[in-house]
Amino acid sequence: MRRGGQDKLAGGLALAWLVVVVVVPLAVLVDAAAPVDLRPIERVAVGRAMARGLGLSVIVATAGCGLALALARTIPPVVILGLMLVSRSILAQGILALGLSPGPLAAVVALILDVAPIAALLLWLRLQTRPLALIEAAADLGAGAWARARAIEWPHLRPAVLAAWVWGLLQSLGDVIAFELAGGGHSYTPGLLIRDALLREQAPGRALVSILILLGLALPCAWLISRELSSAQRSDWRALPRPPRLASLGGWTVLVAMLAVPAALLLGRQPEGFGPADRGLAELAASSLVLSAFVAALASAAGFGLALASRRAAWPGWLGAAVLAPLAIPPSVLGLLTLGAATPLGIRPGPGLTVLALLGPGLGLGFVSARLLTIVIPRGLIDAAMDLGATARERLRLVWLPLGRAALAVSAVVVFAWVLGQAAIPAFTSGPGGDTLAVALTIHARAGSLALVRRWSLILIAAPVLASVLALRLARWRPR
Amino acid sequence: MSEDSLRAVGVEKRFAGPGGAEVVALAGVELELDGGRHVCVMGPSGSGKTTLLRILAGLEAHDAGQLFIGARRIDDLPAERRPTRTVFQTPALFPHLSVLDNVTFVDRLRSTTGPKPGPGVARELLAGLGLDPASFAERSVDALSGGERQRVALARALYRAPPWLLLDEPLSALDRSRRAELRRALAQLRADAGVGMVHVTHDAADALALADTLVCMVGGRILASGPPDLLYRRPPDLETARLLGELSAVPDPRSRGFLRPEQLRIVAAAEGRVAARLKARVCAGPLWEHTLEVAGLPAPITVARAAPWEGPDACGLQWDEDAVLDIS
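Chains A and B, in that order, give the protein sequences.
Each residue of the first sequence is one higher than the one before, counting from 1 in our numbering.
Each residue of the second sequence is one higher than the one before, counting from 1001 in our numbering.
Bound conformation, chain A alone:
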């Protein structure tokens, strides 16, 4: 197939994916809500929830990025990956176990701790590609630290900061879990409003308006992130210089503070013996690992392929935006949309629907990781392989895969970890009792079975940590 044909195929697939994951569920909701006529009191409620949610989300995103920068400069990526695996529901419970009173502060802190690791990973990936030659040239020409930071470091870091900040903002804006578990019922956020409107009050019009507002924020953000990612240039792949002592101290302090939260939950009283609830959770743990591995394998392979296609696509920004849109939409909203679309189609909640709902953001996550990591593979190598006669398949087998192995392994682990800890989407798409361990633990936490949550949270965290260590070893492996 000629290159133009491949571009069109990649673009077509991305667009079709956007239609399936976002447009169709939205259309079903529009159909259910029509004609949309909000009462004045509903408009006020939506407006207030949005304003409050936006304010809190800006705090979460900004603070999350600040912590992320401190982590990214100091902490080894495997530890950051480990932090990423601690699910939001566990963080919310941990915050309360530390002694914080349920309320907006506890929910905001839980969200900050939730978004910081993934933001740190994005920043770490970007920091690995610092344009050291440019920085050295600028220093040689007499540019001071501030001038270098403004003219070189910031433009280079900006795509990752933007992606991380927007991620934090949207995750927080559509949150249900943190505010439900740690919010203490004091804050009514957009995520909770949408959930109640759809599931409890049968008010699809109110939900639709709120979802459209969130989409209005999410889709331009997806396009912005995608544009930054496509314009990011290849940089040096050199070891990051050791950070200054103060920055290093800051990073380790943040890490200790972040570890204190799950530790507070895990180090408490453990249940005695192995009861029927444990047996159920053990089965769910096994099925969650399989489900996460399945989604991670599919999403990271497809994300890697699309990341490669986007390097030569005619409109890489739009291709990326289509892939990133499901990731930019808050998980609870995506879960609700998927459930809303599946119900009239006769698809019941269960593992199949959960996999479908998780594939959208999983693909986006795989795409971002692969795109950031494959920036360092020079275009000239691919041209050389093509020039020597390598077909697209041979280029993939002989050049892309050996060189992009690290990108593929890391993106698979990132998706795996995210899926395993994800409770917001499966909360809406799961069958009774939850399809995944994360959802079941949220249910147990809500019911007050904290001892059980402690035991299984440990298991939930241990498996992906091992997977991340394995992935890093794999990434370093060099074929002879």
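No lab work stands behind these hints, which were simulated from the structure alone.
These numbers were taken from a predicted model, which means no experiment stands behind them.
Hints may contain errors.
Computed footprint of chain B on chain A, listed as stretches where at least three residues anywhere in the stretch have a Cβ under 8 Å from a Cβ of chain B [stated by the list, open to error]:
(1) 379-389
(2) 399-412
Going by beta-carbon spacing under 7 Å, a handful of chain B positions derived as facing chain A [claimed, not checked]:
(3) A1057
(4) L1059
(5) F1068
(6) A1079
(7) E1080
(8) T1086
(9) A1092
(10) H1096
(11) V1106
(12) L1109
(13) S1111
Heads up, the beta-carbon is just placed ideally off N, CA and C, and yes, glycines get one too.
Use these hints to put chain B onto chain A, whose structure you have.
Only chain B this time, still in chain A's reference frame:
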């Protein structure tokens, strides 16, 4: 025309420039090159020579025109199916493969046709390019210097070579001695392998030393083509003449035309056709360059000679009328 001849017919290429303006990279290039020849394409930066090479390789799409090798049209073939191979200015070696695996990369491809050469062929190529296979074959490409990398890239291009090799300034990153050495090796390897080469360079010395046919490009157009010595001695126009070497105006205000620096002779004042004054002299490798002032001429005159002028600064200049280039 041989069955491996390379032909370009009306090849055009435009790029989007700043502010949406179009930049013409190639303006209807016409070329006809016999197979097995070493063709050097010379031109200043931005003349379109690298774009032409990338279009020949299929790495850049052209806007109009056709390309043929023999009777076969190749411009509708993707890069991987074109019977050409490129050596890039920055050697693009696969970092996950050893030197020998890089050279024999095409053995792993299904599309590579013909019998696989014996195991010694790749090693012989490396040796021919000055890389001892015993110490280089298994080495990682990360452990090579810039010059060594470029030679590995050349060996890779020459291994199971197609009818045409496209060389994008392959000698530009090398030091002087390596450059001369590699120039000789390249000429020898071409003679042995019998492949044609389109060699883009902005270095007149490389072009004059290596080319059977020299093509001069300016502003996306072919200015002149022909045997290099003829183009150097009798360039058709001033731009081609300047591209191939320095020029001085005939140092007589009453005469027109130009002279190459080595065609001028510094002589004693009484023996010269015009009086001149030596302003400076520098050693430029094998020749000494002298800068002289001639009364009535606005620009200084450059004279090149094997030995420095040791006579008085007030001197004369002499030249043969046959050497004057009557171009404008």
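Any of the earlier hints contradicted here, and which numbers?
Violated: hint 5 alone.
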